[in-house]
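**Student:** So the protein lines, in turn, are chains A and B. For the first sequence, this note's numbering puts the final residue at 238, and the numbers step up evenly by one. For the second sequence, this note's numbering puts the final residue at 1256, and the numbers step up evenly by one.
Hints in this document: simulated from the structure, not taken from any laboratory. Some clues are possibly wrong.
[As the list claims (entries may be wrong)] To spell it out: a stretch of chain B is covered by chain A in this simulated footprint if at least three of its residues, at any positions, have a beta carbon under 8 Å from a beta carbon of chain A; those stretches are:
no.: 1; region: 1094-1103
no.: 2; region: 1113-1123
no.: 3; region: 1225-1238
[Said to hold, decoys possible] Over 12 Å on every C-beta distance to chain B, these chain A residues come out as not near it, computed from the model:
no.: 4; residue: R16
no.: 5; residue: F41
no.: 6; residue: Q98
no.: 7; residue: I109
[Unchecked claim] Simulated crosslink set (BS3-like; lysine-lysine; CA at most 27 Å straight-line):
no.: 8; chain 1: A; residue 1: K211; chain 2: B; residue 2: K1048
no.: 9; chain 1: B; residue 1: K1146; chain 2: A; residue 2: K114
no.: 10; chain 1: B; residue 1: K1207; chain 2: A; residue 2: K114
no.: 11; chain 1: B; residue 1: K1110; chain 2: B; residue 2: K1002
no.: 12; chain 1: A; residue 1: K103; chain 2: B; residue 2: K1002
no.: 13; chain 1: B; residue 1: K1148; chain 2: B; residue 2: K1011
no.: 14; chain 1: B; residue 1: K1246; chain 2: A; residue 2: K114
no.: 15; chain 1: A; residue 1: K103; chain 2: B; residue 2: K1146
no.: 16; chain 1: B; residue 1: K1110; chain 2: A; residue 2: K114
Everything numeric in this text was worked out from a predicted model, so none of it was measured. Beta carbons are placed, not taken as given, at the ideal position from N, Cα and C, and that holds for glycine.
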Amino acid sequence: MSVATKTVTAPPSFSRAGVLWASTVGKKALMALTGILLSLFVLGHLLGNLQLYFGRDSTGAYLINKYAEFLHHNKPLLYGTRTVLLVAVLIHVVAAFQLQLGKGAARPIEYHQKESVNSTVSSRYMFWTGVIIFFFVLYHLAHFTLGWTGVPDFKEGDVFHNVTAGFRSGIAPLLYVIGMIGLGLHLRHGLYSTFQSLGAGNPAVSQWALKWAAVVATVIALVNLSFPLAVLAGLVKG
Amino acid sequence: MKLTLDIWRQKGAADAGRFETYTVEANEHMSFLEMLDVLNQELIGSGKEPVAFDSDCREGICGMCGFVVNGVPHGPADNTTICQTHMRHFHDGERLRLEPWRAAAFPVLKDLVVDRSAFDRIIQAGGFVSVRTGAAVDGNAMLVEKNKSDRAMTNAACIGCGACVASCPNAAAALFTGAKIAHLGLLPQGQPERTDRALNMVAQMGKEGFGHCTTIGECEANCPAHIKLEAIAQMNGDFLRAVFAKREEAAGGGAG
Ligand code: HEM
Ligand code: SF4
Ligand code: FES
């Protein structure tokens, strides 16, 4: 018996990474994976910052400063994490731009009238909430990592001082509110969509993901916002 | 009932197109397309060019019809084709805007008619399924899990109308392609070519210039065949698995 086999239009040298990157489906899977990495960082960063609320230890040192020293002391950990995050951001952002351009090309003539029948704002504005996060992160690095702006008397390593001084002045808290609205909306849809992008479509799973993504995103945004608000309200002071 | 219609008129691919306004007297028992037939008779009677729109079965099963009514593909009736939408969904004096599907991969041919052969090429890229010919196989010879056969049938219900592309803010064809991949990939008959099918259909979907899926969900809400977002997850999973499972032709194999 002879069986006809179809010749496959796979590229001559089948590079798996290339095939992933060349398709919208593969690119979304890479965005999902890098999105998970970035979300884990966001979570870890938030848990670390909670030490702002725990004051000093028995030696009189602020817990958050000791934690920062621990992170900065371990060079392989510090630079390893920074490299992974930088690569993840690069992949996530370049893919986001390419997909956004592809979306524009896919509908060159807009509808004169188009209704959204059943979709969330967060799902429709993923690119723009991503852009908000991007600029917020740049500002945040300039604010607290480099001390370029907004922190009177910036002291490298004295996180407690920098934070309490940095949130009392100017428009900083307002910029954090905007940043966290962006992050909250991004995660509210992203943490759900990730399941779909990686092939987990069982309705029981996606309904669960849809619900918990909203809860987790809200909690992350609110806890992050509690830091500037607590400083403004005078609950945490140096 | 008297209606005012703003209809997209475009002579051909090269024409820029514009909305033109008409009034028509309809009754609530007509289907939407019958209402347009009435309008067209009047236009022909007064020596004007009738409005071009696609239709065939007018029973909601062939997938030929479709345009956007007041910003909603296939109009306001839930999960129904425009041919199966009746005028009772509208009221006297209403003003309706009729616009063709808008996507680079679906160029307008004339008025409300778009060229959807991009969908045909995605189907072709999927290739064949290996089914035996000859005497009918015993119905019980190949067992299929009930849940999987139900899902396969649900996905097989896609009529290829294109409303998913039309409703998607990214003009993605993910729901259509997902339905086709899921429908075959869930059945034993679809297994031999499952890897190549996912790779080739997804690649073709990109070549045709459709956008990407952001899990927005407008497609699911507008699909007249009730195809669910799960189909897209199945496509994603099949594609990702295929990328890693794919092997080059085994040396010396295949003779036979
Ligand atoms: C803290 C940083 C960030 C986190 C935690 C994060 C997380 C995520 C997650 C989990 C997803 C879901 C992926 C999927 O739909 O499968 C996602 C999608 C997305 N992200 Fe981010 N992201 C971050 C930063 C950014 C930045 C800086 C941009 C820049 C523009 C961006 C743009 C996007 C876009 C456009 C999508 C949607 C992809 C699509 O479906 O079209 N994100 N993100
Ligand atoms: S998935 Fe639904 S909306 Fe898309 S082509 Fe098939 S039937 Fe039409
Ligand atoms: S004309 Fe066949 S589905 Fe509408």
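**Student:** If a hint holds in the structure, say so; if it does not, say that too.
**Tutor:** Going down the list of hints, with the structure as the test:
no.: 1; hint: 1094-1103; in the structure: holds (count 4)
no.: 2; hint: 1113-1123; in the structure: violated (count 0)
no.: 3; hint: 1225-1238; in the structure: holds (count 11)
no.: 4; hint: R16; in the structure: violated, 5 Å
no.: 5; hint: F41; in the structure: holds, 22 Å
no.: 6; hint: Q98; in the structure: violated, 9 Å
no.: 7; hint: I109; in the structure: violated, 5 Å
no.: 8; hint: K211/A with K1048/B; in the structure: violated, 54 Å
no.: 9; hint: K1146/B with K114/A; in the structure: violated, 39 Å
no.: 10; hint: K1207/B with K114/A; in the structure: holds, 26 Å
no.: 11; hint: K1110/B with K1002/B; in the structure: holds, 26 Å
no.: 12; hint: K103/A with K1002/B; in the structure: violated, 39 Å
no.: 13; hint: K1148/B with K1011/B; in the structure: violated, 46 Å
no.: 14; hint: K1246/B with K114/A; in the structure: violated, 41 Å
no.: 15; hint: K103/A with K1146/B; in the structure: violated, 38 Å
no.: 16; hint: K1110/B with K114/A; in the structure: holds, 20 Å
This entry does not satisfy hints 2, 4, 6, 7, 8, 9, 12, 13, 14 and 15, going by the numbered hints stated previously.
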